[in-house]
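**Student:** Can you make the complete structure from the sequences, with help from the hints?
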Amino acid sequence: MQFVIEHLSKRFEQKEVLKDIDFTFQEGKIYGLLGRNGAGKTTLFNCLNRDLKADGGSFFLDEDGVRREVSAEDIGYVLSTPTVPEFLTGREFLKFFLDINEGSIQNLKPLDEYFDRMSIAPEDRDKLLKDYSHGMKNKMQMLINIIAQPKILLLDEPLTSLDVVVAEEMKQLLRSLKEGRVTIFSTHIMDLALDLCDEIVLLSHGELEVVEKSNLDSQEFKEKIIAALKEETYA
Amino acid sequence: MLKTLRLSFALKNTYRVNSILYSLKQIPLLGRLFPAALYQVRGLKIFANILSVLWEVLSVFLFKCIYFLTLVCGLGLLYQNAPPQLSFLHILLFLTLIGSYMNTSLFDPTRDKYYAMILLRMNARSYTLVNYGYALLKTVIGFLPFTLLFGLNRGVPLWLCLLLPFCVAGTKLTVAAYSLWDYEKSGYVRNENKLQKFAWLLTGIFLALAYIPPALGFVLPLAVYAALWLVWIPAGLVSLRRVLTFRYYREINQELLAQMFAQMDTVKEAVKTANEKTISADTSITSQKKGFEFLNELFIKRHRKILWKSTIRIASICAFLVCGILLLMIFLPESKAEINQMVMTWLPYFAFIMYLINRGTGFTKALFMNCDHSLLTYSFYKQPGFVLRLFQIRLREITKINAVPALVIGVGLCLILYASGGADNPLNYVVLLVSILAMSVFFSIHYLTIYYLLQPYTAGTEMKSGTYRIIMILTYVACYAMMNLRLPILVFGAACIAFCVLYSITACVLVYRFAPKTFRLRT
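Protein chains in written order, with the numbering used here: chain D, 13 to 247; chain G, 876 to 1398.
If you are wondering where the hints come from, they were derived from the structure by calculation, not from laboratory data. A couple of the hints might just be wrong.
Said to hold, decoys possible - Using C-beta positions, here's what the derived DEER-type ranges look like:
1. N888/G - D138/D: 53 to 59 Å
2. Y914/G - K225/D: 41 to 47 Å
3. V16/D - K1069/G: 54 to 60 Å
4. D111/D - A1194/G: 35 to 41 Å
As the list claims (entries may be wrong) - Not everything, but these chain G residues come out facing chain D in the computed CB check (under 7 Å):
5. V935
6. S1254
7. F1255
Cβ atoms here follow ideal geometry from the backbone N, Cα and C, with glycine treated the same way.
**Tutor:** In structure tokens, the structure reads:
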């Protein structure tokens, strides 16, 4: 499976944020999306998630040469600030989600098994989500997004505000989930990107480009990325 | 000193101009005509600058004029028991005393002070003194034409009219000096927007003193008023020295403005927690349903306080009023004819009443803040089938909630009509009841539809749709205009039912057609 973006463009008035993006993401890889502040990472995610209407271009899934439209359930989008329905308990939210997606979720498990997998403590499962801590909300959001087994998982700065233990758990989780899907991970933290991601993609000048690691050691690779990002001029 | 004045003017002007330009850009349709580089365009800037200067000049006189027209003279006109010159001096004196601590300008945490002293680190003492001096000057200049105009008109001697503005400035200076002295002594910083209980009490007393004695015909002789006024001039002069020599302006402003900007940061947070507070923490609330019905039932049950409780309260008040009118007709049979006449022709009035008691806005707001705001970030929630399924469920719920008071009002009106002598045509009863219910359904659908079609909020729970606001205002204006309509039940009722049915059908069609696309978070 491949996730293909063709000629995607988006402008806000005169400012061309995404110009003619052409890129193919391969299944089974985690892509680290790096870019300067305001480079358009969130805009790109919003366009892919169809929260924002793109001005032109298309994106689709290519499964063994057969192209098909990306539907809403193909995409999981984890935002940097976790949002969960505050009036439900963790268990109720999960139950609601499983109820309405009954048909599409394979090998349904008991609710507690899902909680165990995210290491959400038993006493927290029946608390209202408004009383969850930031990290727990984040876990909950991640859980909902991965149960559906989306083909494309978009993560916008997901680990920055987590404590080290949870962040490590999440990293492990993302690694274990990467098979069978495209994971795109936007971050400002270079070390995180290098540690977790299989490919580093830069968003600069409104275009996506891969930074080849070839045979550079990690220090040289870092310098190469910084150099590439520095080229960004103020349009 | 001149430099400080010039700088603070330039600063205030800059952000005023930018706010004018920003609000121009927010106007739907018109806003699109403006370029993104709006803030660079010279012509627009000059235009906004002119507006800004006009506003500054206008603000010197406009508010004083309104103040004199309404509070000082307008209310004073009612008083026939006292000589006009004395009640004028009396009322103005006590209102001025209130103004001396409620409107100090020195203890008003404003945005321009924050920008100038905190962000740009201007010298606090000279900034404060220059601006305070300017504010006092505005007071004197702003008051002078009106004390002359209204004072002379009421027979106050010319010399007193000329001195009154300086006395007003004197009261302000005295209170300011006292507050500064109080700070030196106790470290307490006054904030005129956050008055203490004592100050409110004092305001109440002064208001009573201002308006009650002259109404009863009790006023003092002119010489006493003159003395009570003029004493503020020497008091002001003494205080001026203190204000000029005070040394802790930086500290005072730091504290005053820190309070304010801590508040501004927490406003968003406060909105969020206020919304979360509406969620019931009762752990016994559960639901046996599945899927969206499960979600909906939990939502309604956990928001009972803002949804059902308030609708039941409204319904009880309506029932109470109906009983009152029925009793009135029993004890005062001669009122029947008039009441009958009213019920027969006042149905349009109820469009506005139904507008007021409708829970639609509260419902959609709670829906967004506590539910959709988060769930809309999940792609599964946005699947067209699910959006529409949930729309149906919600429409059913809000209709139920609104139907309770509507039913009470409808049945109540029928009872009143019957008890007050009835109608020639029994169809009147049916139309009365049905049209009230139709209005209630209309408002339910109306709010939910525009919520689904325009979804005005962003992920940060900011309202971002001008169109949504305009529709809200138009709804209000239309309902308000209905109040002036006097039509027989059958005519208005039939038209109203037809309109509601048509509107509801159109609205549902629109939602089915467009909501899957429009029901998103704004970015």
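**Student:** Quick check on a hinted range of 35 to 41 Å for D111/D and A1194/G, using CB atoms only.
**Tutor:** holds, 39 Å
**Student:** Could you tell me whether the CB distance from V16/D to K1069/G stays inside 54 to 60 Å?
**Tutor:** With a Cβ separation near 59 Å, V16/D and K1069/G satisfy 54 to 60 Å, so the hint holds.
**Student:** Does 41 to 47 Å hold as the CB distance between Y914/G and K225/D, or does it fail?
**Tutor:** Cβ of Y914/G to Cβ of K225/D: about 43 Å, so the range 41 to 47 Å holds.
**Student:** Hint F1255/G vs chain D: min CB-CB distance below 7 Å?
**Tutor:** It holds, given that the least Cβ distance between F1255/G and chain D is near 6 Å, below 7 Å.
**Student:** Under 7 Å is the threshold here; is the Cβ of V935/G close enough to any Cβ of chain D for the hint to stand?
**Tutor:** violated, 39 Å
**Student:** Given the range 53 to 59 Å, decide if the beta-carbon distance of N888/G to D138/D lies inside it.
**Tutor:** holds, 57 Å
**Student:** Please verify that hint: S1254/G, Cβ, nearest Cβ of chain D, below 7 Å or not.
**Tutor:** holds, 4 Å
The earlier numbered hint that this structure contradicts is number 5, and it is the only one.
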